[in-house]
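Full structure from sequences and hints, please.
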Amino acid sequence: MTAVPRPGDPVITPALVAEHGLTQDEYQRLERMLGRTPTFTELGIISALWSEHCSYKHSRPILKTLPTTAPYVLQGPGENAGVIAIGDGLAVAFKIESHNHPSAVEPYQGAATGVGGILRDVFTMGARPIAMLNSLRFGSLDTPRVRYLVGGVVKGIGDYGNCVGIPTVAGDVMFDAAYEGNPLVNAMCVGILREEELIRAKAEGVGNTIMAVGARTGRDGIHGASFASEDLSHETDAKRPRVQVGDPFTEKLLLEATLELIGSGHVVAIQDMGAAGLTSSSAEMAERGEVGVVIDTLKVPVREEGMTPYEILLSESQERMLVVVTRGREDEVRKILTKWDLTAEVIGEVIADPVYRVVEGDRVVAEFPGTRLVTDCPQYHPEAKESDAIIALRNRDVHAVPERAEERDPAWTLTRLLESPTIASKLWIHRQYDSTVRANTLVGPGAGDAAVVRVQGTRKALALKTDCNGRYVYLEPRTGGRIAVAEAARNVACVGGRPMAITNCLNFGNPKRPDIFWQFKEAVGGMAEACTLLGTPVTGGNVSLYNESPIGAVYPTPVIGMVGLVDDIDHATRMTFSAVGDSIVLLGEPTNELGASEYLAWIHGLVAGAPPRCDLVKERALIEVLLESIRGGHARSAHDCSEGGLAVALAECAMSNREFMFGANIDLSTWKKLPLRALLFGEAQGRAIISTSAPAAVLAIAAHHGVPAQTIGTVQSAAHGLHIVVGDCTFDIPLGGLSEAYHEAIPRAMRRAPAETVSSELAAGVLS
Amino acid sequence: MKVGIVRFPGSNCDEDALHAVVDFLGETAVMLWHKDHDLHGADVVILPGGFSYGDYLRAGAIARFSPIMQEVAAHAAHGGPVIGICNGFQIACEAGLLPGALLRNAGSYVSMPVIIRTERTDTSFTGASSVGQLLRMPIAHGEGRFTADEATLDQLEANGQIVFRYVDAHGNATPESNPNGAMRNIAGVTNVGRNVVGLMPHPERAMDRALGSQDGVVLFESLLVAANV
Chain A
1 MTAVPRPGDP VITPALVAEH GLTQDEYQRL ERMLGRTPTF TELGIISALW
51 SEHCSYKHSR PILKTLPTTA PYVLQGPGEN AGVIAIGDGL AVAFKIESHN
101 HPSAVEPYQG AATGVGGILR DVFTMGARPI AMLNSLRFGS LDTPRVRYLV
151 GGVVKGIGDY GNCVGIPTVA GDVMFDAAYE GNPLVNAMCV GILREEELIR
201 AKAEGVGNTI MAVGARTGRD GIHGASFASE DLSHETDAKR PRVQVGDPFT
251 EKLLLEATLE LIGSGHVVAI QDMGAAGLTS SSAEMAERGE VGVVIDTLKV
301 PVREEGMTPY EILLSESQER MLVVVTRGRE DEVRKILTKW DLTAEVIGEV
351 IADPVYRVVE GDRVVAEFPG TRLVTDCPQY HPEAKESDAI IALRNRDVHA
401 VPERAEERDP AWTLTRLLES PTIASKLWIH RQYDSTVRAN TLVGPGAGDA
451 AVVRVQGTRK ALALKTDCNG RYVYLEPRTG GRIAVAEAAR NVACVGGRPM
501 AITNCLNFGN PKRPDIFWQF KEAVGGMAEA CTLLGTPVTG GNVSLYNESP
551 IGAVYPTPVI GMVGLVDDID HATRMTFSAV GDSIVLLGEP TNELGASEYL
601 AWIHGLVAGA PPRCDLVKER ALIEVLLESI RGGHARSAHD CSEGGLAVAL
651 AECAMSNREF MFGANIDLST WKKLPLRALL FGEAQGRAII STSAPAAVLA
701 IAAHHGVPAQ TIGTVQSAAH GLHIVVGDCT FDIPLGGLSE AYHEAIPRAM
751 RRAPAETVSS ELAAGVLS
Chain B
1 MKVGIVRFPG SNCDEDALHA VVDFLGETAV MLWHKDHDLH GADVVILPGG
51 FSYGDYLRAG AIARFSPIMQ EVAAHAAHGG PVIGICNGFQ IACEAGLLPG
101 ALLRNAGSYV SMPVIIRTER TDTSFTGASS VGQLLRMPIA HGEGRFTADE
151 ATLDQLEANG QIVFRYVDAH GNATPESNPN GAMRNIAGVT NVGRNVVGLM
201 PHPERAMDRA LGSQDGVVLF ESLLVAANV
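Line by line, the protein sequences are chains A and B. Residue numbers 1 to 768, in the numbering used here, belong to the letters of the first sequence in order. Residue numbers 1 to 229, in the numbering used here, belong to the letters of the second sequence in order.
Calculated from the structure, these hints are not laboratory results. Hints are not guaranteed to be accurate.
Unchecked claim - As a list, the in silico EDC-like pairs of lysine to aspartate or glutamate whose alpha-carbon atoms are at most 20 Å apart:
(1) A:K335 / B:D36
(2) A:K673 / A:D397
(3) A:K339 / B:E15
(4) A:K339 / B:D36
Claimed, not checked - Just the calculated beta-carbon pair ranges, DEER-fashion:
(5) A:G706 / B:E221: 38 to 44 Å
(6) A:A70 / B:R136: 47 to 53 Å
(7) A:T458 / B:R136: 21 to 27 Å
(8) A:D397 / B:M112: 42 to 48 Å
(9) B:M112 / A:T143: 52 to 58 Å
(10) A:T143 / B:S108: 19 to 25 Å
(11) B:A74 / A:G89: 41 to 47 Å
(12) B:D36 / A:G205: 31 to 37 Å
(13) A:A70 / B:Q70: 32 to 38 Å
(14) A:N592 / B:G171: 50 to 56 Å
(15) B:E157 / A:D409: 53 to 59 Å
(16) A:T670 / B:A106: 48 to 54 Å
(17) B:Q133 / A:Y72: 57 to 63 Å
(18) A:D728 / B:R136: 42 to 48 Å
Here the structure is a predicted model, which is why all the values come from computation and not from measurement. For every residue, glycine included, the Cβ atom is placed at its ideal position computed from N, Cα and C.
The structure is reproduced here in structure tokens:
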């Protein structure tokens with residue numbers, strides 16, 4: 001059969017091809033594949049499937065260098081979500097995904113539908129979602145539009161996750177002018193399943209039925225995948241119709257219905273109709289199963305009259321799934337969906353012919369030979385070359401930066417750093433997320449270096465964290481990539497979890513620019529080194545390129561979503577001091593490194609210098625010390641040193657839990673020869689602070705693993721404040737001012753202009 | 001004791017309530033489907049938290065018309081214990097089982113631990129508690145501002161129908177300890193018969209020391225007294 005144009009289809013012209021984002025070469029490849037001119041419907045299909053978002057055409061060769069295997073990995077990259085075994089016949093499905101561009105133009109719906117999409121990716125594997133995380137990057141909170149975005153994104157995430165009833169337990173939020181025009185909104189979902197319930201999105205069994213399940217298809221979100229694959233521009237606002245609208249209530253019904261469906265055994269495969277909707281879900285399922293499919297667009301339940309096959313295929317209406325059902329079980333499937341007040345309609349079939357065919361009743365509107373529609377897409381190996389400007393920034397001698405007069409009092413510097421929104425308490429955000437539903441949250445947002453969520457019915461728990469310091473990656477991508485993985489692993493270890501595996505969301509600029517592609521290649525290389533050495537394979541993720549606005553590309557930001565396993569819920573460890581008299585032990589060592597620090601960026605407005613070195617062997621040893629100390633019952637709290645360095649980490653241990661604050665006596669004289677600001681605020685890697693009633697035991701464990709360790713002080717009452725000695729210098733810092741700075745910075749900023757008052761700005765245009 | 005937990009479309013604390021009853025109280029529980037007309041012999045009914053029917057109109061406004069709610073109302077009319085938690089509280093108010101209404105919070109949606117003070121022990125959910133007892137448990141809601149006209153509030157006070165108030169760590173009902181702008185710091189109320197109790201905080205999430213509080217246990221234990229089985 002051959003597809004023929006529908007009456008009224010536009011004529012295929014070079015302009016129309018360009019409008020669909022295909023290059024001349026790509027179009028010629030499509031013509032060769034078909035042996036004829038494509039129909040308008042076919043052009044639409046390929047435009048979506050060969051978009052960067054769906055095809056990974058620039059990133060795939062580089063992604064192949066990431067380690068993806070371990071004995072416990074049940075499902076690596078290429079599925080809706082990755083899956084690892086955690087013993088007792090249980091497994092964890094998890095995945096992170098970006099919704100950056102939709103959130104840039106419509107923050108509330110953009111973020112909400114991001115949450116919805118990642119939830120579906122996890123429950124289509126047969127897993128019940130148990131936790132959500134978010135990794136967010138925004139510009140400066142001084143900008144009204146950024147405050148509007150923060151308010152909208154946080155409310156969108158909260159409203160969706162809260163309604164579905166999945167606790168949002170952790171994440172990371174950073175602020176930097178580099179994200180001003182293009183915020184990053186990455187959502188991660190984690191689910192639990194029994195190993196035998198694992199189901200894959202692989203169409204199988206000629207004659208089996210293809211059903212559309214869930215919400216009806218409307219005209220919303222058409223070409224969302226292509227929209228995600230271009231730079232944001234002044235015209236972007238006109239593309240707001242490409243942003244989908246979410247309905248968390250339908251999602252909740254779909255979640256329950258899907259899990260019941262999978263439990264019933266009537267289904268062969270399920271896939272979310274996410275980016276590029278029906279097109280990509282059907283093409284990807286067919287490709288994985290190496291089978292042909294036929295879809296009849298007249299049978300797809302629609303929301304609006306007169307939708308064309310083109311629109312039906314490319315709609316990104318939310319809360320829909322494509323299900324391959326064992327032939328003859330259609331009524332049982334309908335019955336389950338009806339119970340949940342949802343629809344299920346037969347829309348196609350798995351066929352023996354190796355073709356991807358779309359019909360509209362009797363008329364064939366699209367037909368592609370072969371079953372490799374998605375991977376037949378061209379692959380690119382763009383030029384990679386580091387930017388000279390960034391080399392110059394990295395090589396700058398940051399120690400030569402003169403101190404500000406106020407810095408003579410380190411308390412001033414510390415207080416300012418605690419006010420930096422990247423460091424300051426995120427409670428204003430966390431309070432908008434239900435973090436306790438499902439009654440398994442042992443360590444919630446802000447209470448530990450990672451979240452700890454119990455696996456119900458067992459003594460085990462999962463340690464979960466997202467991380468990435470884009471500034472490090474910007475200044476030295478390979479080191480930054482390594483640190484992103486190492487810090488996530490360190491955080492997971494600080495709460496008592498053994499780092500197991502990662503999902504990643506690679507947010508970069510336009511890969512056709514050599515300097516951007518160099519960042520991508522190097523950062524992924526650094527991640528690969530860290531994942532290999534730390535034994536945390538990559539089980540999947542998402543690539544988001546073209547994160548650029550008229551002010552330039554975002555920092556290269558490969559966000560790591562780490563899953564760790566806590567053997568026993570008693571090991572769940574928080575970051576704050578909890579008993580007067582405990583010893584404070586520093587694991588790892590301060591250095592004279594100051595480059596790429598929050599200190600330079602926030603106090604001096606300077607993004608320069610090399611990021612701290614990241615010795616992965618030392619990181620691995622530190623993780624062992626943390627785990628052994630925690631499992632031995634020696635660690636009352638554990639917190640790593642990251643943005644803001646040792647002084648900020650100590651302050652956080654003391655006062656980040658506002659209800660139960662503690663002071664401390666600290667002596668850092670051992671390192672008195674280091675520049676004071678590097679000692680206090682430098683971001684040397686491989687360090688963590690433990691409070692313990694058994695310092696000798698912790699020091700012995702550290703010595704056994706070759707990790708430098710030293711008792712640097714004791715926990716005191718809150719009234720005592722922070723008392724820090726460095727050689728001849730003594731600093732007494734009351735907690736009141738630190739706590740005020742840390743806890744009030746974000747609420748104060750967000751009070752400055754409520755989101756509503758900024759809407760006129762939105763109306764005026766996205767970036768003008 | 002057999003506890004029936006109603007599952008509305010959009011309920012999401014139903015499993016947590018089940019967990020509290022079965023795993024922490026050691027009692028039996030049965031899920032009740034919203035389209036059914038059968039309480040399956042439950043001695044106690046729990047209306048759990050969540051977003052029934054999406055709460056797109058007004059929290060609890062649609063759920064009250066569910067077939068199962070006719071049976072719940074009949075159960076309550078015969079003096080049977082009915083506990084509404086969070087969205088369940090909203091539903092009970094909408095269904096006229098409890099006085100007052102729950103409006104949008106004075107601030108935004110709020111998820112945090114709070115302290116509530118037990119005001120009455122003559123209800124189905126507080127028999128094992130003591131007057132003035134401070135209980136710590138999470139809240140997580142966007143529409144929890146308890147509201148009624150002044151006359152109704154005075155009458156509730158006079159009748160002893162105010163069961164819980166938001167308080168500070170010292171047990172004082174201060175404006176700062178009120179997380180949602182609820183009138184007179186009211187966190188939970190009962191009906192005239194004392195058998196229906198609604199509250200915004202989540203005792204089912206405070207059953208386990210590992211989660212930071214087991215102050216919800218005393219409330220669930222009260223059901224045993226109330227069910228009289």
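These are the hints, each one checked on the structure:
no.: 1; hint: A:K335 / B:D36; result: holds, 16 Å
no.: 2; hint: A:K673 / A:D397; result: holds, 19 Å
no.: 3; hint: A:K339 / B:E15; result: holds, 19 Å
no.: 4; hint: A:K339 / B:D36; result: holds, 12 Å
no.: 5; hint: A:G706 / B:E221: 38 to 44 Å; result: violated, 52 Å
no.: 6; hint: A:A70 / B:R136: 47 to 53 Å; result: violated, 41 Å
no.: 7; hint: A:T458 / B:R136: 21 to 27 Å; result: holds, 26 Å
no.: 8; hint: A:D397 / B:M112: 42 to 48 Å; result: holds, 46 Å
no.: 9; hint: B:M112 / A:T143: 52 to 58 Å; result: violated, 28 Å
no.: 10; hint: A:T143 / B:S108: 19 to 25 Å; result: holds, 21 Å
no.: 11; hint: B:A74 / A:G89: 41 to 47 Å; result: holds, 43 Å
no.: 12; hint: B:D36 / A:G205: 31 to 37 Å; result: holds, 36 Å
no.: 13; hint: A:A70 / B:Q70: 32 to 38 Å; result: violated, 55 Å
no.: 14; hint: A:N592 / B:G171: 50 to 56 Å; result: holds, 53 Å
no.: 15; hint: B:E157 / A:D409: 53 to 59 Å; result: holds, 54 Å
no.: 16; hint: A:T670 / B:A106: 48 to 54 Å; result: holds, 51 Å
no.: 17; hint: B:Q133 / A:Y72: 57 to 63 Å; result: violated, 46 Å
no.: 18; hint: A:D728 / B:R136: 42 to 48 Å; result: holds, 46 Å
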